[in-house]
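Asker: What follows is the residue order along each chain.
4 protein chains.
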Amino acid sequence: MRVGVLTGGGDCPGLNAVIRGVVRKGVQEYGYDFVGFRDGWRGPLEGDTVQLDIPAVRGILPRGGTILGSSRTNPLKQENGIRRIKENLAKEEVDALIAIGGEDTLGVAARLADEYGVRVVGVPKTIDNDLSATDYTFGFDTAVNIATEAIDRLHTTAESHMRVLVVEVMGRHAGWIALHAGLAGGANVILIPEQRFEVDRVCAWVTSRFKASYAPIVVVAEGAMPRDGDMVLKDGSLDSFGHVRLSGVGEWLAKEIERRTGKEARTTVLGHVQRGGTPSAFDRWLATRFGLHAIEAVRDGDFGKMVALRGTDVVRVPIAEATARLKTVDPALYDEVGVFFG
Amino acid sequence: MRVGVLTGGGDCPGLNAVIRGVVRKGVQEYGYDFVGFRDGWRGPLEGDTVQLDIPAVRGILPRGGTILGSSRTNPLKQENGIRRIKENLAKEEVDALIAIGGEDTLGVAARLADEYGVRVVGVPKTIDNDLSATDYTFGFDTAVNIATEAIDRLHTTAESHMRVLVVEVMGRHAGWIALHAGLAGGANVILIPEQRFEVDRVCAWVTSRFKASYAPIVVVAEGAMPRDGDMVLKDGSLDSFGHVRLSGVGEWLAKEIERRTGKEARTTVLGHVQRGGTPSAFDRWLATRFGLHAIEAVRDGDFGKMVALRGTDVVRVPIAEATARLKTVDPALYDEVGVFFG
Amino acid sequence: MRVGVLTGGGDCPGLNAVIRGVVRKGVQEYGYDFVGFRDGWRGPLEGDTVQLDIPAVRGILPRGGTILGSSRTNPLKQENGIRRIKENLAKEEVDALIAIGGEDTLGVAARLADEYGVRVVGVPKTIDNDLSATDYTFGFDTAVNIATEAIDRLHTTAESHMRVLVVEVMGRHAGWIALHAGLAGGANVILIPEQRFEVDRVCAWVTSRFKASYAPIVVVAEGAMPRDGDMVLKDGSLDSFGHVRLSGVGEWLAKEIERRTGKEARTTVLGHVQRGGTPSAFDRWLATRFGLHAIEAVRDGDFGKMVALRGTDVVRVPIAEATARLKTVDPALYDEVGVFFG
Amino acid sequence: MRVGVLTGGGDCPGLNAVIRGVVRKGVQEYGYDFVGFRDGWRGPLEGDTVQLDIPAVRGILPRGGTILGSSRTNPLKQENGIRRIKENLAKEEVDALIAIGGEDTLGVAARLADEYGVRVVGVPKTIDNDLSATDYTFGFDTAVNIATEAIDRLHTTAESHMRVLVVEVMGRHAGWIALHAGLAGGANVILIPEQRFEVDRVCAWVTSRFKASYAPIVVVAEGAMPRDGDMVLKDGSLDSFGHVRLSGVGEWLAKEIERRTGKEARTTVLGHVQRGGTPSAFDRWLATRFGLHAIEAVRDGDFGKMVALRGTDVVRVPIAEATARLKTVDPALYDEVGVFFG
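Protein chains in written order, with full-length UniProt numbering: chain A, 1 to 342; chain B, 1 to 342; chain C, 1 to 342; chain D, 1 to 342.
In case anyone wonders, no lab produced these hints; they're calculated from the structure.
Bear in mind the structure is a predicted one, so any value in this text is a computation, not a measurement.
A portion of the hints provided could be inaccurate.
Which copy? The list can't say, so a pair holds if one copy fits it or any two copies do.
Once the Cα atoms are required to be at most 30 Å apart in a straight line, the calculated DSSO-like pairs of lysine-lysine come out as [said to hold, decoys possible]:
(1) LYS211 <-> LYS327
(2) LYS211 <-> LYS91
(3) LYS211 <-> LYS77
(4) LYS211 <-> LYS255
(5) LYS91 <-> LYS77
(6) LYS255 <-> LYS91
(7) LYS263 <-> LYS77
(8) LYS91 <-> LYS327
(9) LYS327 <-> LYS77
(10) LYS86 <-> LYS255
(11) LYS263 <-> LYS327
(12) LYS77 <-> LYS255
(13) LYS211 <-> LYS263
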């Protein structure tokens, strides 16, 4: 048995742990051969491969990024994309493919499996934790820890100068990082894409915090939007969800808060720092287990499936079903956390 | 409604986050009053209290330890213990009690609830993650992260000197910390209390690692024991499980490895560093949600229950049932991880 | 003897350690009394004080920010500022004042000492490390560590996507943070305010890095400026040094790199995260020793002086002399580090 | 010009940064060739080499340990040791040797240079910071940060249980790590090898701390010894300084404190965790600069010298002189810090 492995989409702490888990178990327990494809779907599309064996995965567990490289190449949008992939898989004598990626990567995997009979097993990956069918995705815990440490640090600078500090974190369509890091960091306001916010209400929370002689921290997901729609956007294009593509909500909000409350406000945009570097222990554990279970699915011939976390168990679910809808923050959960606002 | 709160047993990162969650929601949403009892069951036993209100819980979220203090005092073993507790609760006009603790603390809570009609809600706490009925307990993730970082550091010193490094982590009866940190840290051997180990097999793994020109890391839970029973113990007393109380398995094992393989071996005992200090983001999230749900259970009059994590939901289970048996590492899970040994 | 203490300017990890050092030694060894002034020079200007004794400094060593608050209030620019300060010092029966701050705060201190006979001892503070007369200022090491950790994380995301990552760090007039963090983080280009950069040369380094199959990290101090002067500035105002106030050099540079090299580039602006939170061990050590030596200078009646680090010794230098010129990066040192560019 | 490089003695964060600095500058600026010798003096003794060029030093800056391996092999104690080294250097056509190491490694280097005309440049390395002639050695700052973080964590567990926590840190002959980490961590007692301690005085400090309702942290260097000489030693052998080899002073002291004060005491021995893993930003900076200056000394033909830090400058000093005496903690500095005891 010869198994191909690829990683697609934005990078995410834990990708290397998955690869290592797949290869260690595949070689040692099942005697499989492996081939790595470079840069997501670009690899099988162009026949660009890299050696993947036990020495190749030595020492990669604590390293961020992916030794296979990544890209957002979508073969469904390329001429003869599917045919070229099937040809290159045949040329490499690949019997099965493990595709590690987010919604886009797995969407391709699902179509390859369902419509073209390619033997694919999926491993879900999204720093944003917004993939349904799995309790958590690896990378998310690392991002939340990094954002929480940043918020911890910003508290002291906010208090010393009695300023508002607005922290923009990742999360274009779902507010998981904002919600978890905001709660863990003791933020006074948390704004998420799932619920349009009212700037006046944010200002009321900010003001009440100052009245208690403390300085407020506002955590805002990059995809959060004001209800009143008066936000000046950097870029008016629509994204794949029909939403206006937002960048800069943090900076915009800080200026609005200054204007409406008369208090100094500063913005920190955490950006790519959230998705790089060594994974947290939880993410190493989860990613490794995903890898071990993915190769087990290959061994069982259980294709068209994706591994997923349910409680403390790793299970298998149909890829297509798993990517069908975005996992967003439940309003009840957001309300639960709202007791800490203001 | 006036609610008492206490924290018992060994300290654990996240205790303060629970207390803060309880008080913030209790005061702001339900208008409750609170009283803190000092040092676990010693507080209600001796009527030793501390003010507990919104100002008292400001800024405690990121702090380790517990602002209420803790102890291992067991009122069931004290003369008239139960009567004195009931009297002091009455004197303080406490309508309900939230007991945050591990097996012992919750065991008392269960009996108070079931046999003496005390209105108690429990919050599970164990750094060891060995309490059944909940997927995870807070504090565990922090401990695993600390142990993993230590193992990361030890790799480089092992490699530079081609030595065996034995890391002893917490876990007297369950190997969860050893298993998670060992996997996340890329250990070459993981030894847990649930499965007696063979020293010769450990030595074989160590030797095979050296053959591949790498230096081995052995992670051993403090409660792990050799199968062959030739361990020289520091202390021969039996613990409550009828096991011999072990301290020093790490040091003992390092000497055995040296003796049998001829390789240099060193021991690191992480000790109390694993249970102190600021909680990880996951533990702050979990502990806070446990606090919010515990006070909700009080509001609902749902006494004799304990909050618990199931997947991503916080649920309620009978305290007595939850503490009935130790949650140990499933042999199948240990086998799954075994692919990384050697 | 009654001693006033104030902290002025931007906050900086280690301020609390200084205060604790001053008070612990002042009370325990010399039997002095203390009074804290709130928010830098605003405190003595308005007579706004806070109790400062042993209990007030308990537990503050590891905490960022300043328990005394800070501001950029300049009494020299206030009507009757000096007179009001002298009156309030007299009213509080303050015999000596310890002023902890940067160039502005110490500039006021120097004039108060030299022209008005106020008995002042200075403690230098600048996150930017750009104060002459001292080898290092506290806060700098913490900022460098935070920036280095961020760069470590960005490497993996740069490599995975073969992108340029531009990291903007603090340093308006001096490039110390950029130089130290850039070197420690393994950056491929470091740009500092002391030397105007050529965008084409930056692009050449970036391109050569890609040719070696690695992705480049560019660290740029917020005050760095291009030689060719074609930078579109957010804000055209001149600062106190007659320089154009720059914000956004990082974002501007990323766009130029994209335009000129055709490679994707992303920016991370670390911002206030660099100056908040718990101090590094080095900064706690340095800040504490500055505190101990400042109160010793008071005891010796050695006013108009500032404590300073020289090698491993803490010495005293005239405040006025110490703030006379900015300590910038020596061209020879910048050249030394240049071997790692490209 | 062909330059050999070796690393000897205990490993230390920053070794790889030195090697990278040497090679990057040597190749790029001077066009030199390099050869690595494995495992300290064992390499040139046995002719065991490893390729050392630009690709070999890619990515090693943030990594602990040493890519060259290390050992404590002393060629002066081997038959024909010097002759074999000279032969192997000749065979490898090595024109100059850079020896990175501590007292022992540099002692050999000094003799090779002085007595046998070998062209050697030294780079000082000791985690303990006890080498005279340099303000700091790399690795020390990392060790102090790790120990400080551990002490930070232990505070909360000490407070929660009102226990004494004894932390044993590295430092056999000099108390630098204990002094710096103890001060930075807010320890209540710091015990160093330079000053024999009185157990009763330690107990008095411990008791006074409890009286103030706080729990004490005692930091003790592994080489600290009681004045009263009643310590039961694990091992009675004499070390090279004629001192009794101590291990276990932490555990011994905890038991004495329990016995004399009646308070519970626990010990944490940090051990090898202090010397492994990624270097702090300061250590990466210092180690890199040492590397750059060492190869510059080779270029200048300035052999028999060692690089050293003086203030912020890197200078050269005769190796022999530099290792002539141990740099111990000055009693005045210890007294200065003593204000925080108790």
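Asker: At most 30 Å between alpha carbons: which applies to LYS327 and LYS77, within, between, both or neither?
Answerer: Answer is within: at 25 Å inside a copy they meet the 30 Å cutoff, but 50 Å across does not.
Asker: Is it within, between, both, or neither for LYS211 and LYS91, if the alpha carbons may be no more than 30 Å apart?
Answerer: Only across copies: LYS211 and LYS91 sit 29 Å apart there, 69 Å inside one copy, limit 30 Å.
Asker: How do LYS86 and LYS255 come out at 30 Å by Cα distance, when the copy is not named: within, between, both, or neither?
Answerer: neither (53 Å within a copy, 38 Å between copies)
Asker: For the identical chains here, do LYS211 and LYS263 meet the 30 Å Cα criterion within one copy, between copies, both, or neither?
Answerer: within (12 Å within a copy, 44 Å between copies)
Asker: For LYS91 vs LYS77, is the C-alpha pair at or below 30 Å within one copy, between two copies, both, or neither?
Answerer: within (22 Å within a copy, 60 Å between copies)
Asker: Quick one: LYS211 to LYS255, C-alpha cut-off 30 Å, is that within a copy, between copies, both, or neither?
Answerer: Close inside one copy (20 Å), not across copies (42 Å); limit 30 Å.
Asker: Check LYS211 against LYS327 for me: Cα-Cα at most 30 Å, and say if that holds within a copy, between copies, both or neither.
Answerer: neither (37 Å within a copy, 40 Å between copies)
Asker: Is it within, between, both, or neither for LYS77 and LYS255, if the alpha carbons may be no more than 30 Å apart?
Answerer: between (41 Å within a copy, 27 Å between copies)
Asker: When no copy is specified for LYS91 and LYS327, does a C-alpha distance of 30 Å or less occur within a copy, between copies, both, or neither?
Answerer: neither (38 Å within a copy, 49 Å between copies)
Asker: Within a copy, between copies, both or neither: which one fits LYS263 and LYS327 at a CA-CA cutoff of 30 Å?
Answerer: neither (36 Å within a copy, 33 Å between copies)
Asker: Reference check for the pair LYS263 and LYS77, CA-CA at most 30 Å: within, between, both, or neither?
Answerer: For LYS263 and LYS77, only the inter-copy Cα distance (22 Å) is at most 30 Å; the intra-copy one is 49 Å.
Asker: Measure nothing new, just compare the shortest in-copy and cross-copy C-alpha distances for LYS211 and LYS77 to 30 Å and report within, between, both or neither.
Answerer: between (55 Å within a copy, 29 Å between copies)
The structure is inconsistent with the numbered hints 1, 6, 8, 10, 11, although it conforms to all the rest.
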